[in-house]
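Visitor: The listed protein sequences derive, respectively, from chains A and B.
For the first sequence, position 228 matches number 228 in my numbering, and the numbering has no gaps at all.
For the second sequence, position 193 matches number 193 in my numbering, and the numbering has no gaps at all.
In case anyone wonders, no lab produced these hints; they're calculated from the structure.
Any given hint could be a false lead.
[As the list claims (entries may be wrong)] To give a feel for the contact side, a few chain B residues facing chain A, derived at Cβ under 7 Å:
(1) 19
(2) 100
(3) 101
[To be verified] Estimated spans, in silico, between C-beta atoms of each pair:
(4) A:241 to B:172: 56 to 64 Å
(5) B:14 to A:304: 45 to 53 Å
(6) A:119 to B:34: 44 to 52 Å
(7) B:23 to A:139: 22 to 30 Å
(8) A:56 to B:34: 16 to 24 Å
(9) A:119 to B:19: 42 to 50 Å
(10) A:219 to B:18: 45 to 53 Å
(11) A:211 to B:257: 22 to 30 Å
(12) A:118 to B:14: 21 to 29 Å
(13) A:241 to B:169: 49 to 57 Å
(14) A:17 to B:239: 32 to 40 Å
[As the list claims (entries may be wrong)] If the Cβ cut is set under 10 Å, some of the chain A residues that face chain B in the computed set are:
(15) 49
(16) 52
(17) 53
(18) 54
(19) 56
(20) 86
(21) 94
(22) 97
(23) 102
(24) 104
(25) 150
No residue lacks a Cβ here, since even glycine has one placed at the ideal position from N, Cα and C.
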Amino acid sequence: MTQPLVDARHLTKRFAKLTAVDDVSFEVHPGEAFGFLGPNGAGKSSTMRMIAAVSPVTEGYLRVMGLDPAADGPHIRSRLGVVPQEENLDEELSVYENLLIYGRYFGLPKKVIDERIAELLHFAALQERRDSKVEPLSGGMKRRLVIARGLINQPDALILDEPTTGLDPQARHLLWDRLYRLKQQGVTLIITTHYMDEAEQLCDRLVIMDKGRIVAEGSPRQLIEQHSTREVLELRFPLGTQEEMVARAHGLARRIEALPDRVLLYSDDADETAGRLFGRGVVPQSMVSRRSTLEDVFLRLTGRSLIE
Amino acid sequence: MAAPPALRVVEYGARVYRRTWRGSVISTFLNPALYLLAMGVGLGKLVDQGSGSSELAIPYLTFLAPGLLAATAMQTAAGDASYPVMAGIKWRKTYHAALATPISVGDLVAGHLGWVAIRVTFVSVVYAAIMTAFGATSPLEGLLAVPPAVLTGAAFAAAVTAYTARLKDETGLSTLFRFGIVPLFLFSGTFFPISQLPDWIEPLAYVTPLFHGVSLCRGLALGLPFEAPWAASVAYLVAWVAVGAWLSLRVMQRRLVI
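Only chain A is shown next, with the shape it has when bound in the complex:
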């Protein structure tokens, strides 16, 4: 088997008293899209920063492309592209200059950088903004520019921290499309997200993180098969009646999850479950049947929602 691109064993990150990453082990293989799914504060970003060789490992073993970040940080960073959660573009400079500066940081000659910038602007759909300042660009444009910037050194892997947080649906889809193209080109993607749809769309394999630990690992499909049912019936009840209705529904589904605003009934056939509910006189205000998602997996594993 080929060497993993990232090999982490018992990786731990502590800040003063806070343990942000608590003994996690995982491997990322070349060419795959690997995700860290979890709520804010789960330790995803801290893990990513260690992989990106910008944050020292507190404890455990970490190799990135076979190299030790503590000893070979600059070498590792020269082969990675990083798309941080917070935009850190130079807003005083133009789109072109931002890319140029970054290329120079990697020690690339200007001629090579100029060629790549032409390609990357096309890829990021920013050709027309080449010479405009960064500051007035939309959120989606800025994010695409940060991605283009992260690709200036033609990295072996692109590390994306919450790539679509704060973007509108259209901008998100455009971004997913670009990331999908990169994946087709064989670029390894390492992504953190707290959006389960993003994880399902983009990731071949992912780990679910909660409170600094990995609670599950697998492909989106495997995770759903292992930890949830095929379908889910979502019910909403008029104020004050939920408790009684839940009691009546007892035993009708493989698992019932009563959340503050809705009730989830897990079964392999949601319509059939709905029919049996009516038989018991359970009348919801609204009812939706859907397939299980990673959100359900997360709920099952941690007892909490991804977005709180």
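Position chain B against the provided structure of chain A, taking the given hints into account.
Guide: For chain B alone, kept in the frame of chain A given last:
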């Protein structure tokens, strides 16, 4: 061959400057001229007619100009080593972006200080030309005063970078200028010999790096005896550069690599 990493950071400073130089034109070109005009020529006339002439033995404009050169170097350096550092660490986080590349914290600090030194050199040369145009010095002597001005700038750049890198927010920056840079500007021998200060303050002036910068600039530009032994002044300023750079590196390492 790729340039050393720190030089790439210098290049970054130059590229940003190419975009933003217009904003600093006034402070670079006009302010020195205005100061020389108002204080040197205007106020200078009064000083020269009064008892100042016996104390200074040279025209006030001539006395003032090299001191202002050192003070301008200080102000330029303090400005370039404060707000841009805050932006890199906190506002725009461009330092974080740089550190995701092969650039290290050491490269970042060296490149930043290197760029400020280049900026100060540029400003000092422009100032020396203006000073010469006012007839305060000869062109050659004006240029002789540039290196000590740059050294003064470097001392402040290093110290102010270290100071700024520790700050949580920008209120500390106005404190720096209000209680640090402005008093130094006024009381370090720029506008009058420090012997005019009350005796108990005079030793304090010796401790300020600007006083030593002023002494070196004035001595070289006017061919007069230095106000403090020149070797001691140079050594003192070099020490400020070294300690400031070392502190900057340490503080930034702690702040940025977590």
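Visitor: Find the hints from earlier in the document that the structure breaks and name them by number, from lowest to highest.
Guide: 8 and 9
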